[in-house]
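Student: Protein chains in written order, with the numbering used here: chain A, 185 to 533; chain B, 185 to 533; chain C, 375 to 636; chain D, 375 to 636; chain E, 88 to 412.
These are computed hints drawn from the structure, not numbers from a lab. Be aware that a few hints might be false.
As the list claims (entries may be wrong) - Dumping the calculated DSSO-like pairs for lysine-lysine here, alpha-carbon to alpha-carbon at most 27 angstroms:
1. E:K221 / E:K210
2. B:K239 / B:K250
3. B:K527 / A:K352
4. A:K239 / B:K313
5. B:K312 / D:K627
6. A:K512 / B:K352
7. A:K511 / B:K511
8. B:K405 / B:K369
Unchecked claim - Residues of chain D placed beyond 12 angstroms of chain E at every Cβ, according to the derived structure:
9. A396
10. L399
11. F472
12. L509
13. G533
14. S545
15. V555
16. L620
Just so you know, even glycine gets a beta-carbon here, dropped at the ideal spot from N, CA and C.
Below are the chains, spelled out letter by letter.
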Amino acid sequence: MAALDVKNLALSYDGKTQILNDINLHVQDGELVSLLGPSGCGKTTTLRSIAGLIKANQGQIFVNGKDISKVAVYKRNFGMVFQSYALFPHLNVADNVAFGLKNKHVREPELSKKVDEMLDMVGLLDYKKRFPSELSGGQQQRVSLARSLVTEPDLLFLDEPLSNLDAKLRVEMREMIRAIQQRLKLTMLFVTHDQSECFAISDHVAVMNRGTIEQFDSSEKIYHEPATEFVARFIGYENFFSVTKSLDRQHFLLKEGQVFKAAGASPNSSSLTIRPENIDILETQPDADGQNILPGEVLFSTYLGDSYRYEIQTALGTVIAVSSSDKKYPAGKAVFLDFPSRKLLGLNK
Amino acid sequence: MAALDVKNLALSYDGKTQILNDINLHVQDGELVSLLGPSGCGKTTTLRSIAGLIKANQGQIFVNGKDISKVAVYKRNFGMVFQSYALFPHLNVADNVAFGLKNKHVREPELSKKVDEMLDMVGLLDYKKRFPSELSGGQQQRVSLARSLVTEPDLLFLDEPLSNLDAKLRVEMREMIRAIQQRLKLTMLFVTHDQSECFAISDHVAVMNRGTIEQFDSSEKIYHEPATEFVARFIGYENFFSVTKSLDRQHFLLKEGQVFKAAGASPNSSSLTIRPENIDILETQPDADGQNILPGEVLFSTYLGDSYRYEIQTALGTVIAVSSSDKKYPAGKAVFLDFPSRKLLGLNK
Amino acid sequence: MATNQHLFMRIIGIVTLFFLLAPLLLIVVTSFGSEPTISFPIKGFTFSWYANIFAQDTFIQGFITSLEVALLASLTAAAAALPAAYALTRKRNRMNRFLENVFLAPVMVPEVVLGFSLYSSLVIYAHFPLFISLLFGHFLICLPYSARLIIAGMRQFDGSAEEAAWILGSSRLSGFFKILVPNITTSILSGFLLSFINSFNNIPVSVFLSGPNVNMLPTAILNYLQNNYDPTVSAISSCLMLLTLLFMLLAEKKLGLKGFVS
Amino acid sequence: MATNQHLFMRIIGIVTLFFLLAPLLLIVVTSFGSEPTISFPIKGFTFSWYANIFAQDTFIQGFITSLEVALLASLTAAAAALPAAYALTRKRNRMNRFLENVFLAPVMVPEVVLGFSLYSSLVIYAHFPLFISLLFGHFLICLPYSARLIIAGMRQFDGSAEEAAWILGSSRLSGFFKILVPNITTSILSGFLLSFINSFNNIPVSVFLSGPNVNMLPTAILNYLQNNYDPTVSAISSCLMLLTLLFMLLAEKKLGLKGFVS
Amino acid sequence: NAKGSKSLTISTFGLSTKQMQTDVLTPFSKKAGVKTNAQFGDSATRLTQVEKNKNSGVDVIELSQNNALTANKATVFQKLDFSKLKNFKYLSKSQQKLARQTNSIPYTINSFGIIYDQSKTGKITNWNQLWSSKFKNKLAIPDITTTFGPATMYVAADHVGKSITNKGGAAAFSALKTLKPNLVKTYAQSSDLANMFNSGQISAAIVGDYAVGMLQASNSKLQYVVPDSGTYANYDTVSIVKGSKNLKAAYQYLDFRISQSVQKRVAKTTSLNNAPVNQKVKLNAAAAKNKTYGKVADRARTVDFNYVNKHLKTWITRWNSLINN
Ligand SMILES: Nc1ncnc2c1ncn2[C@@H]1O[C@H](COP(=O)(O)OP(=O)(O)OP(=O)(O)O)[C@@H](O)[C@H]1O
Ligand SMILES: Nc1ncnc2c1ncn2[C@@H]1O[C@H](COP(=O)(O)OP(=O)(O)OP(=O)(O)O)[C@@H](O)[C@H]1O
Ligand SMILES: [Mg+2]
Ligand SMILES: [Mg+2]
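The shape of chain A in the complex, shown without the other chains (with noise of 0.2 angstroms):
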């Protein structure tokens, strides 16, 4: 029902620091949108302005090709979960999700009926009669949620609305979010710090840095060609090699020395740059042709349930690689890393 455009926005807090640089967005109708991006980046203060809870110094906001600077916050029908939740105190949990159906005329039994849906979907119904003030951090969050959801606004922001969910809770909250979103086809602006969750639930993904927009394309096309450095060490590529120079369409000299083979990157590639999770550890130098193989040491592992992540010392610096946690290499054990070619990726910014 609703697309919004966002143009040449910008934004300064005390009239000095730039927070937001000219953001440029497109979502379009009934699509779920995720601004990822490091803690600070201005996320929150992106979803503020175009919300209208705080009036940008630049830029333009169209909803459906409308500008709506003018339009009064109350009447542009969007919804938001807040970061900080912004529970009414003095509501019980059932008020607090009535409050947006009760301002759209929604009236018993009707409003009763879709309170008690929305509050079972979250898990709350049994909360009905509880105050904010009584409630753990993840219940807070979750009315908060609710509150948003049933109005079934046309533009809903939400603030890391999951943040303080349990995993298995994560999973389910974004899944009923998913389906709301396409089953009443809701456009979405969805902030995260959280991966897995960005690329399950969205259609775009804008990566942010700075106040400005670093990269906007699609999940897939975000997780793995990665536009710029900052986005590629943003989604989880920790391992970087610089070129010296391409030596034909597929292999890279490296500053070190070393000549990678890299399937899939543009011969001006400037560095090569791998997930550690591609990264495959072996015990004993494999007898296949060598390439892109590399000696070193563990220095230092870490336990992360399903797998381990390694330090190893190598010579092109310290490479770091995740391998399943089936086996455990000791500190000090020699290993041979196998960089898989279709999994180096080049990056030229």
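Based on the hints, put chains B, C, D and E with the ligands in the right spot on chain A.
Tutor: Frame of chain A; chains B, C, D and E with the ligands shown alone:
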């Protein structure tokens, strides 16, 4: 410097609903123990009652063998990261962090040095003069973390201290916490809903459920040998198969008639379970003995970045499987599921 | 945590309370004294001073007028202070801080002079009815109390709940009444009570703004005390205390039902 | 968002402000009138009424006494109200809610009677010095204002910051002063100002608690007004306003430096 | 503020509102068949109001003598036609003269004397005794702004044997200066006195006779004396406010106020305790006690409020700087 013993802790806020139920915990000196559990299970309440902020109805708390229930909060030399941060609104970032040090009569120039060092570690050195209301959510959380760490307390409670940070920062911060903890031999109680974080950082993990501790064990043990179905579900086992009877030491007859081989399951297991990522999805029936192989049909898939999550219809009901994102199976596709016998776990509760 | 320091605070609290209550108790006790002048300790016991209250027309009539004026003035003051405080607190700049202080200023003018000026401008110059002018005078002395308390309350209340209300479709006005106001009821009520009591007790403003049929209780009592100092005044005070107590218990019962911690 | 409704609120705010300021302006204007009685509009212009203030010893002396009493009484009241309010707000139960209301009660007793009872008990029965008794009387009328405001402020302040302070090694007392108090300064200051002004203006309590060397400004002005109603009283009021204004600007400058939003 | 012709608004003192209502207003209402409205308050305040506010709605006003003088000068009062007052002839010559001068009818007279605790001071018969060092820090006198303030100035001037009208009252101030060591307080409320006697702060005071009964009730040891050398009288007067819509009832009220029956009724100590001016009223000894009646009335001289009001402003200033410092 501090070993913590919690004995038979019980608590109710309203005298009716029991929130904590006979909690027992033993945290050794210099150990980091995580509390893991669903939203609302009582993690925050547990921390607050150990810290002395709420009075338990029952039970005792010993630090280094001494009952501390009569010791005033401020003499306990504890630290805490509050789930809601609880920053001092009238103090700037530097003063927030310096607060505890001043109480310990740390003087300039050491005071500033310590504060600056700590702020540097959490990446907020440039924000020294800001007030909490002028920070983003994640920045506030880091101030709270810095404030609690800088005093090097005997016993530190961290209540979801990283929930509002992005993935990269989370890893950095948790490694910093772990490093400080190990360097100074601090004893910590850590609440998190992020399991990889939990396993990465903890010596022991206590899994809580409705105010009781379901399992208290080393990280590895919890991960690989969950004691109950609740724990298993909570840490990511999503497929549960009821056992009708065990045929021999390794083979189990399932309710639906299938026979599964589970290498490590005890004969009196009442159900078998497996993680979605441990199920292999095959396109063709393997030639092998066919044991633990089940045909199925893809119902639905979700993109998770590094992998896809599938719901697959089988004779055992809907099975959840996760496989690397190199290949995607479309809905409707007929596949074969391989349940590796080593990965099938037996549960008897 | 019942630490020593908490105890210390409690003790100060109790001592303070004692200081507050002792004079009240004294008044109640003297109201039963049989001697014809207020004296402590009392020698005999009588109810006759209570009977005498009702013989004093000006007390009864004054009580009604004072109650009327105090109620109307403090209600209108609260009603005016609410939006004014809101306009002032939503933005925290120098101008607003200054205006906020202005809200306190009128009472810095000796209230007698204020009363007299109102008398000479409103009643004499502008021919306003006396009662209206009296009300206005009391409104002016009530306003700062309501305004201060409401401003303090609004300052402390986190604005994001209001933002949430707007986003959920509440206009500014409705967000104001549905979210902000219910969360600062303590402040609003306290402001109302303070201004009510201030108006009810006020003498200086009413001195000149009085006339035939406009008698205020405190003035009546002051007049009475100039010629008599029998315990009738203690008796009427005790009655007022009793009234307040009853009112408080009633309010407590009605309001106490709302189980929320504000 | 400058919506219409916001405008509406601002308008009410401005109208309210106008009502507050108009009488003040009136007083200032009349203080320059050359006629021998306060009148509006003024016909001539003179400064002589300002000169006359200084011819009135009781004004100067009364001002000093009133200032002294008001300062001391409101300071002690604030000091007593702080711990008492704390003891009351930390636990929110029936008992505390009731006691909280008691803090308001003494003023429900006509202040004249309160003053008179204090006079007959403290001065006459217990032989307390007059000035001390006067102070005590004013302390009693100041207490509710400070207490109410501080209670309202404490109610609104999130307790978890205080908890954080305890955990960081602050005793109750030090957490109270370092965390709670700085965050409710608006309330404390407002309470102080309200009680100061209430005490400074008060007549009823002081009526009987007066003596040879104890003259209060409002009483002096009232007495003066009964014999003269020349604009001297307007002049002294204008001086007081000016003083307040200067004081406010000064405070603004000093306190304004602290850049925090409370 | 149009009052129906059937009502009369009376502005009067607020000291004994109950007795005023039952013993004066209600009977008058009955007799004249008009409704009465009352305003109670200080004399000076009420004067200010009727003087400044032409629409005050007050028909008849009862004031202190010097306020009446001021009011008459400011032409606040209706010029009286004394022939409409049947009882006017029962007033004394000097009272009639005062009435003609001020357009107001004196309806009661007060004077002042010395009240003292004989057990502490011994017998007092003479104003000059107050200057004795025996009374050091034991004496209270009325404040200059109160009813008997000016009269106290007269007594002070008498003490040094000079006329008050000489050099703007300089004599009185020199006498007050020597009196100062004896003064504990200049009081504004007579109830203050009772407290000070009871607490032993003072043992003697100059006081108006209307307060004596109350003082003696609170302390049975107190004696009241009007020195033979004389005292000063002060009247309370009743006048018609110019512009009254109900002149007929107003004259009726004035006449009623000085009628024999009313004067006798309000003279009782249980009533307003007003000393009568109607010469046909005879009081028995009990009722006459502590009133400006009979011999005391004969000794009472009048205060020249014309002179006093002219100097009052400077007197107050001098008084305050002399005594209240
Ligand atoms: N003040 C209170 N009054 C009544 N019940 C409360 C109060 N605080 C918490 N509870 C209830 O106690 C239970 C435990 O709360 P707690 O905050 O300890 O949960 P938690 O494990 O920290 O949850 P989360 O992960 O959501 O923060 C919850 O069900 C909650 O609703
Ligand atoms: N009221 C304010 N005044 C001044 N600066 C502010 C204010 N609010 C936020 N900032 C600054 O603006 C920047 C962006 O803040 P914002 O809250 O948008 O970040 P964010 O991306 O949401 O971060 P997080 O993930 O930590 O919530 C931060 O550096 C923050 O310090
Ligand atoms: Mg944010
Ligand atoms: Mg919690």
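Student: Give a verdict on every hint.
Tutor: Hints and how they fare:
| no. | hint | result |
| --- | --- | --- |
| 1 | E:K221 / E:K210 | holds (12 angstroms) |
| 2 | B:K239 / B:K250 | holds (17 angstroms) |
| 3 | B:K527 / A:K352 | holds (20 angstroms) |
| 4 | A:K239 / B:K313 | holds (24 angstroms) |
| 5 | B:K312 / D:K627 | holds (24 angstroms) |
| 6 | A:K512 / B:K352 | holds (24 angstroms) |
| 7 | A:K511 / B:K511 | holds (25 angstroms) |
| 8 | B:K405 / B:K369 | holds (23 angstroms) |
| 9 | A396 | holds (20 angstroms) |
| 10 | L399 | holds (20 angstroms) |
| 11 | F472 | holds (35 angstroms) |
| 12 | L509 | holds (18 angstroms) |
| 13 | G533 | holds (49 angstroms) |
| 14 | S545 | holds (46 angstroms) |
| 15 | V555 | holds (41 angstroms) |
| 16 | L620 | holds (28 angstroms) |
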